Each structure stands twice: as C-alpha cells, then as structure tokens.
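Numbered continuously in the working numbering, the sequence shown closes out at residue 415.
No lab work stands behind these hints: they were computed from the structure.
In this text the structure is predicted, and so the values were computed from the model without any measurement.
Don't take each hint at face value.
Stated by the list, open to error - BS3-like mimics (lysine-lysine), calculated; alpha carbons at most 30 Å apart, straight line:
#, residue 1, residue 2
1, Lys-246, Lys-405
2, Lys-383, Lys-316
3, Lys-368, Lys-66
4, Lys-405, Lys-26
5, Lys-246, Lys-372
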Amino acid sequence: MVHFGIICPTVPGHLNPMTTLGYELKQRGHRVTLVGIPDARSHAVAAGLEFKAIGETQFPEGTNQKNFVRLGELNGLAALRYTVSFLKQMTVNILQNAPAAIQETGIEALLVDRVSSAGGTVAEFLNLPFITVHSALILNQEENIPPFNTPWQYNPTTWARLRNKLGYSIVNRSTQPIRDVIARYRQTWNLPPRRDADSANSQLAQISQQPAEFEFPRQNLPDCFHFTGPFHNPLSRTPVPFPYEKLTGQPLIYASMGTLQNRLLWVFENIAQACDRLDVQLVISLGGGSNPEFLPKLPGNPIVVGYAPQLELLAKASLTITHAGLNTTLESLSKGVPMVAIPITNDQPGVASRIAWTGSGEAVPLAKSSPKRLREALERVLKEDSYKKNALRLQEAIGRSGGVKKAADIIEQSI
C-alpha cells in the first residue's frame, strides 16, 4: 500500500474532486493525506482523510473566506488577475513548506492538481512520483484549442489558430508571476528549467475529470493522458440539509453560481425574473457566498439556500442554470440535465463554450444576462428535445468513462 499526498487549491471546486479521489484510494487500503492551509482541513475530515497543515501563520483559518468575499464581487479579467495573485501566494507556500511536511508524514507519492503545479516541482525535489489531476478544464495548450478562459468555439482554421496563439500569449503573460516563483525554486534545487507551461504535467499519468466527449478534438495529448469522467461519491461529502417538503412537483430549475463568483446578487435577481413567467420551480443555491436573508424578495418566491445538496437536487432537476464551473457542469451531465450557462471568469467561459459545442445547453454572456435573454434561453432548452438528448448522450459517455474508480486504477498502475 502507498501513502499518497494530495496538493490542490483550497477551493471547493478542486478540493471536492481531489478528496473524492483520495477517499476511493483510502477504500482500497492506501493511506491518503491532504496537504494544505488550515481552511482545507474540513474537507479532509469529511472524506475521512488525514490532514497536514502548511502555512498556518500566514494563512490562518478564515483566510479563504476573506478571499472568496473579494473574488465573489469580481468577474472577467479582474477576477482572473485576483485568482493569479492568490495562486502565487499559494505557490510560495507550497514550495516553502510542503517538502518538510511531506517528509514528516512519510508521504510516498503525490497527486497534484494541475492548477497547483508547484506540487510537481516539490515531487521532483523529493524524488517522489507524482500524478497530474485536471480537476478543472484541461489546460494543455494546442493551437487548435481555444485558451481555457475564452468563450471561443473550436474552429481549426488558420485565422482561428492565430487567434488562439494570441490568446495563449496573454494567458501565459498573466500567469508568468507563478512560473517565475517556481523557476527560482527549481534553480535553487538544481532542477532543470521547465520548457513551457505543459512541462509541469506528470510523465507517469495525467487524469482529467472530463469525458472525452466533452472536450474539443485534441491532437497532442501524451499517451499517459486519460479521460476518466467526473469523480463522484456522495459518501465523501458533508451532508447538507434541504427543505424537500417545499418542492411542488413542477419542473425543477436548479441555479448555482458556484462557491467563488457568487456575490453578484443581481445575477440571481435576473434568474428569478427569467423563471417567474415559466411553469417551473426555481431553487437557488448561494454557494456560501451570501446569507439568503440578505437577498431582496425575489419574483416567483424561489427556494433560496446558502448551500444545497447539489447531487440530490440535480437528480430531480429539469434544467441547471450554472456559472459553468466544471464540477457543476459534469454533475449536471451525469444526471442527464441540460444547462443554461452564465460564465463569469477563469475556465468558465471555456466550459460554457463546450456546453454549447456539445449541444447540451446554451451559453449566455454575463454582460448580456438580462431576464429577457435568460428567459429565451431557458425556454429553448426546456422545449427543444435536442438539448435533453445531448445531455443524455453525455450522461452515457460519463457512465462509460469509469469515473473515480478508473482514476484510482490508473494511479495504482502508474505508481
């Protein structure tokens, strides 16, 4: 049996899939320790994993909530810049403190979230094997694939390749501060410099939560790359109460703008107005970003909760309104539920473009998400059979992909 360490961003969209993967490995007899700032501890406990804190002084408990409050008020490039700044701080913390923590706990191999790419450098420094896990959208750069943070559709033409190249240059320039920190540590530790952003990935195995059918046509993925579909296991999550007795039996629309960009309260007001004239029942999850009591009375009297049991509600839903976070998107598709996406920042525009490309829903830009525009999109997705059929097609693809069990198989075979 192997003692695995997990390194990932301390946000639910990364912690949930990574701890679900850790839970599966623990069920197979392995030892699993989540390494992170104190705010990550509760996720480790919920999944029954061990926890090793790093950066307790600089990032005391409650740090995440302060950052989420600010990030939840931003969108677009401002939110991306704020995210990069926070990730740079986390990168320094990993490089400074993770090596000693890993040695103290006796970790033998690392599972490194692609967004926490410093984890791979730590593994190289300690001469430990590591696996790259893409819990967000695949970040590998190809000239035919639009950058993750753009709403651009797949278009393998010369002009689109030039557009993509320009987009990648902007992304790489924005994230250069993170790579500069890693480069300094690699030089200090006598490790070879990284050729490009993708060289941070493991050469043993790279695992993506996406099914292959929910990705633009890729040509340059390495042989060690695996599409497994999403990592789902309700047993690895903390149970969330919900007033099920308030459900009326009408077609259910579940709306969530995730756990980060969820303080744009006017979006929820527009969503409620858009649903008010439809024969549906709306459930809004605020993702912990606000107290339901802080919202004004919304049209149609929707059920509004701070947190929601997402998997359970999606099993009852006819449609999901989402910020196009990858986890909510894949969880919707795993239940065969079509979507209307309102992407805000980071990889959400790229996820939304894949929702539109696969025909499993529609994407509405945040700046154009008026009640009228949203209502029109909702009516199309609810009434036109193609959206539901494509969501069911992707549900079948997810079922064939293997999920967390296949991911654990790959890890065991690779280490």
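Hint check:
Only pairs whose Cα atoms come within 30 Å are accepted, and Lys-246 paired with Lys-405 is rejected, the gap being roughly 35 Å. In summary, the hint linking Lys-383 to Lys-316 is supported, as the alpha carbons are separated by about 17 Å, within the 30 Å threshold. This hinted pair checks out: Lys-368 and Lys-66 have alpha carbons roughly 29 Å apart, not beyond 30 Å. Of the supplied pair hints, the one linking Lys-405 and Lys-26 holds, its CA atoms being roughly 12 Å apart against a limit of 30 Å.
Between Lys-246 and Lys-372 the alpha-carbon distance is near 27 Å, which keeps this suggested pair within the 30 Å criterion.
Hint 1 from the earlier list is the only one contradicted by this structure; the remaining hints agree with it.
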